[in-house]
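Chains as they are written, first to last, in our numbering: chain A, 1 to 288; chain B, 1001 to 1125.
FYI, nobody ran anything at the bench for these hints, they're computed from the structure. Careful, some of the hints might be misleading.
[Claimed, not checked] On the chain A side, residues computed to face chain B include the following (Cβ under 10 Å):
hint: 1; residue: Ile81
hint: 2; residue: Ile227
hint: 3; residue: Leu229
hint: 4; residue: His237
hint: 5; residue: Val262
hint: 6; residue: Val265
hint: 7; residue: Leu272
hint: 8; residue: Leu273
hint: 9; residue: Tyr277
For every residue, glycine included, the Cβ atom is placed at its ideal position computed from N, Cα and C.
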Amino acid sequence: MKQKARLLWIGVLTGCCVLLCAFPALAGEGDHWSIFASIIPENTLQNFQAAWGKTWIAGEEQPARIMHIVMAVVAFILVLIGATVASRKFKKTGDEAVLPEQSFGIFTFFELVSDALLGSMTEIMGAKHARKFFPLIMSLALFILCGNLLGLVPGFLPATDNLNTTIALGFIVFFVTHIYGVREQGFVHYFAHFLGPIRSWYALPLMILMLAIELISHIARPVSLGIRLFGNMFGDHKVVGIFLAFSIPLLPLPMMVLGLIVCTVQTLVFCLLSVAYIALAVAEADEH
Amino acid sequence: MIKARKALVVGFLTIFALCMAAPVALAQTDAAAAAAAEIAAEKEYAKEMAKISQSGWLGLAAGLTIAIAAFGGALGQGKAAVAALEGIARNPAASGKLFTPMILGLALIESLVIYAFVIAIMMVP
Chain A
1 MKQKARLLWI GVLTGCCVLL CAFPALAGEG DHWSIFASII PENTLQNFQA
51 AWGKTWIAGE EQPARIMHIV MAVVAFILVL IGATVASRKF KKTGDEAVLP
101 EQSFGIFTFF ELVSDALLGS MTEIMGAKHA RKFFPLIMSL ALFILCGNLL
151 GLVPGFLPAT DNLNTTIALG FIVFFVTHIY GVREQGFVHY FAHFLGPIRS
201 WYALPLMILM LAIELISHIA RPVSLGIRLF GNMFGDHKVV GIFLAFSIPL
251 LPLPMMVLGL IVCTVQTLVF CLLSVAYIAL AVAEADEH
Chain B
1001 MIKARKALVV GFLTIFALCM AAPVALAQTD AAAAAAAEIA AEKEYAKEMA
1051 KISQSGWLGL AAGLTIAIAA FGGALGQGKA AVAALEGIAR NPAASGKLFT
1101 PMILGLALIE SLVIYAFVIA IMMVP
């Protein structure tokens, strides 16, 4: 019975992919086509674009793009549904609650990712801080993973294809590092770290230099996190699109395999770097 | 505790739903949208004309940017891969432990190439 259900699922998904690829490429004014461009009616699209206004990238006015926002909302809803389904395990009682799952399901996937992430975080941050920041890092990892992987499905875009999304994620990490750093070490003590190792009146030039360097490196962190993720996803998506344009059957497949690897690695890099930044901010090993 | 968390989640989802519904509620009327679109179209035409005269040099700059960045990035990633492979060759049992830091190192080196790529695609309209 399970075999039949699985075959049915595979058939349904293949049929959906074929249908999606059969849609003609609708190009709205500068907005990337996705399946939602055919589903959402034109009035709604125009109303959204008019209400959100124009955006500027590199000094040039671009029409407001809402496809990426729609994809981000889709990724969010998918992660929410996945987490809700996976949390059914916690409502079981008795023997079922402690026995491991019998087959690879969504709970096993969540368990794998959580285990790996918590292990890495404990190595970098120590057990106590790892438990505290685990929900944030896990949510970031799941959202970025889901957003990236959606780009490989025909008819969908990676939500992280857009600089706005990724810089927003970077700024979440930025605010978390500074707020928790101040909370752990006190306002004055935390910002005294910006002045460098020697803090006396005779080291004033060094303090000024260290302050400049620290400020620039702190601002470069969320920006670099965002641009790294954006550049990888945008480049990958564009390359797969170019390979698709050749119309040779099965040609984009090797690029999509590379795309799978890149999606996972970029999620991992984003999360590990943000964990490292948070660890630096809340570190208690202070010999001062 | 559980109730407070539930209340927090419900409140967050309400705010999220309101943010999603706001553009629909605050949409412009059709006449205002048409007038705004005309002004935008005129500005767009002027910009197109200006772009065409510069696009040759910008194309050259974008090409050189990504070429030099890819060259430097490939050299750096090659050195990282060589170090990891030599480590595995000396001690094949450690290949699992070497894999993750190698991937991390490669991704970080590649991120510098990605910065140059982003600048290049911003140059080319």
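To see whether the hints hold, each was checked on the structure:
no., hint, result
1, Ile81, "violated, 13 Å"
2, Ile227, "holds, 5 Å"
3, Leu229, "holds, 9 Å"
4, His237, "violated, 12 Å"
5, Val262, "holds, 9 Å"
6, Val265, "holds, 5 Å"
7, Leu272, "holds, 7 Å"
8, Leu273, "holds, 8 Å"
9, Tyr277, "violated, 14 Å"
When each numbered hint is compared with the structure, violations occur for hints 1, 4 and 9.
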